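A.B. asks: Now for the letters of each chain:
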Amino acid sequence: MTSPSTHRRDSVALGAAVGLVAITFGVLASTAGLSLAKAMAMSMLVFTGASQFAAVGVISSGGSPVSAVGGALLLAARNSLYGMRLSERLARQGWKRIPGAQFVIDETTAMSVAQDNEEAATEAFWWTGIALFTFWNLGTLVGVLVGDAIGDPEVYGLDAAFPASFVALLGPHLSTAPGRVAGLVGASIAIVAVPFTPAGAPILLAALAIIPALLMPIAVEMTDPTGTPVEGRP
Amino acid sequence: MSWTAILVLAAGAYGFKLAGVLVGTRIEHPLLRRSVSLIPPALFCALIALQTFEKDTTLVLDARVVGLGVALIATWRKVPFIGVIVLAMAATAAARAMG
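Quick mapping for you: the protein sequence lines, in order, are chains W and E.
Residues are numbered in the working numbering as their position in the first sequence, beginning at 1, plus a constant of 55.
Residues are numbered in the working numbering as their position in the second sequence, beginning at 1, plus a constant of 1.
No wet-lab data here; the hints were simulated from the structure.
Note that the structure is a prediction, hence the values are computed from the model and not measured.
Yeah, the Cβ is synthetic: ideal placement off N, Cα and C, and Gly gets one too.
A hint or two may mislead.
Here are some chain E residues pointing at chain W (derived, C-beta under 10 angstroms) [said to hold, decoys possible]: (1) Ile7; (2) Leu8; (3) Gly13; (4) Lys18; (5) Thr26; (6) Ser38; (7) Leu44; (8) Ala50; (9) Leu51; (10) Phe54; (11) Leu60; (12) Val85; (13) Val87; (14) Leu88; (15) Ala89; (16) Ala94.
Turn these sequences into a full structure, and let the hints steer you where they fit.
C.D. replies: Below you can see the structure in the form of structure tokens.
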């Protein structure tokens with residue numbers, strides 16, 4: 056589906072977009088009273104965006120460190136599920152899976168599983184992971200140092216970058232009936248759960264969508280939305 | 002936020018990631034393997050929905066839905082990855098500017 060140059064370029068593009076989001080994180084962390092060292096430690100060591108935003112959000116609204124860490128960990132739990140999905144691929148990497156595990160987040164999983172062969176999937180994981188880690192930390196640094204000079208990032212539509220990139224990477228998953236059921240039910244569960252559960256819980260509950268999807272028959276050959284036959288992926 | 006809190010969060014976040022990677026290789030049953038392969042579509046669609054309609058744990062309808070619509074059309078029209086992101090950002094920004 057994609058040539059190596061395509062997924063390398065896409066990894067860097069996604070990294071750059073995420074870097075802009077990291078500037079927002081740097082600004083918020085600084086506003087919440089975190090020093091440059093603490094903000095950088097968050098981006099290097101925690102390295103999972105939603106959790107970092109949640110933690111500094113709780114702190115800046117006067118919440119306790121325990122609730123900040125608890126909420127952030129709830130958001131980080133989904134990375135375990137991504138780790139399971141990527142484990143076979145990473146297992147072949149030997150010792151590299153120990154540092155590689157730090158890169159197991161939404162974006163690297165999406166970019167990796169969107170590839171149609173093992174080699175590209177492994178390479179896309181590392182390229183996206185290294186690009187995101189670099190841009191995420193650079194963005195955090197800029198955000199803390201430059202701070203308010205940037206203004207409101209929502210003016211530039213930055214919050215649209217993340218969902219749009221996932222829409223663009225969804226194609227291969229939705230080419231199968233079980234994939235479509237998992238996606239539709241997952242989105243529905245998350246939306247319904249929002250008013251009743253703390254942040255982070257809706258996304259974990261969405262994992263239950265695999266149950267109805269498993270009840271779908273496995274097709275050996277499927278057609279994609281354009282009607283072209285594609286190789287079946289059980 | 003204290004150093005202790007940051008380090009506990011960092012250890013927990015890495016622990017979740019590594020646990021998944023280590024446990025995943027032990028999953029051999031075909032039904033479980035199929036379950037794991039269905040996690041990305043379920044979670045990614047949920048993330049898209051949350052990032053578009055959720056704000057501070059309530060549901061809202063704002064400029065972000067315009068960005069989502071543009072991203073869907075651009076993807077359907079086979080616009081390259083970077084183009085999808087740029088178009089969605091521009092559409093969201095424009096919708097926001099128009100109020």
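A.B. asks: Please go over all the hints and tell whether each is borne out by the structure.
C.D. replies: We went through each hint and held it up to the structure:
| no. | hint | result |
| --- | --- | --- |
| 1 | Ile7 | holds (5 angstroms) |
| 2 | Leu8 | holds (7 angstroms) |
| 3 | Gly13 | holds (5 angstroms) |
| 4 | Lys18 | holds (4 angstroms) |
| 5 | Thr26 | holds (5 angstroms) |
| 6 | Ser38 | holds (7 angstroms) |
| 7 | Leu44 | holds (6 angstroms) |
| 8 | Ala50 | holds (4 angstroms) |
| 9 | Leu51 | holds (5 angstroms) |
| 10 | Phe54 | holds (6 angstroms) |
| 11 | Leu60 | holds (5 angstroms) |
| 12 | Val85 | holds (4 angstroms) |
| 13 | Val87 | holds (9 angstroms) |
| 14 | Leu88 | holds (8 angstroms) |
| 15 | Ala89 | holds (3 angstroms) |
| 16 | Ala94 | holds (3 angstroms) |
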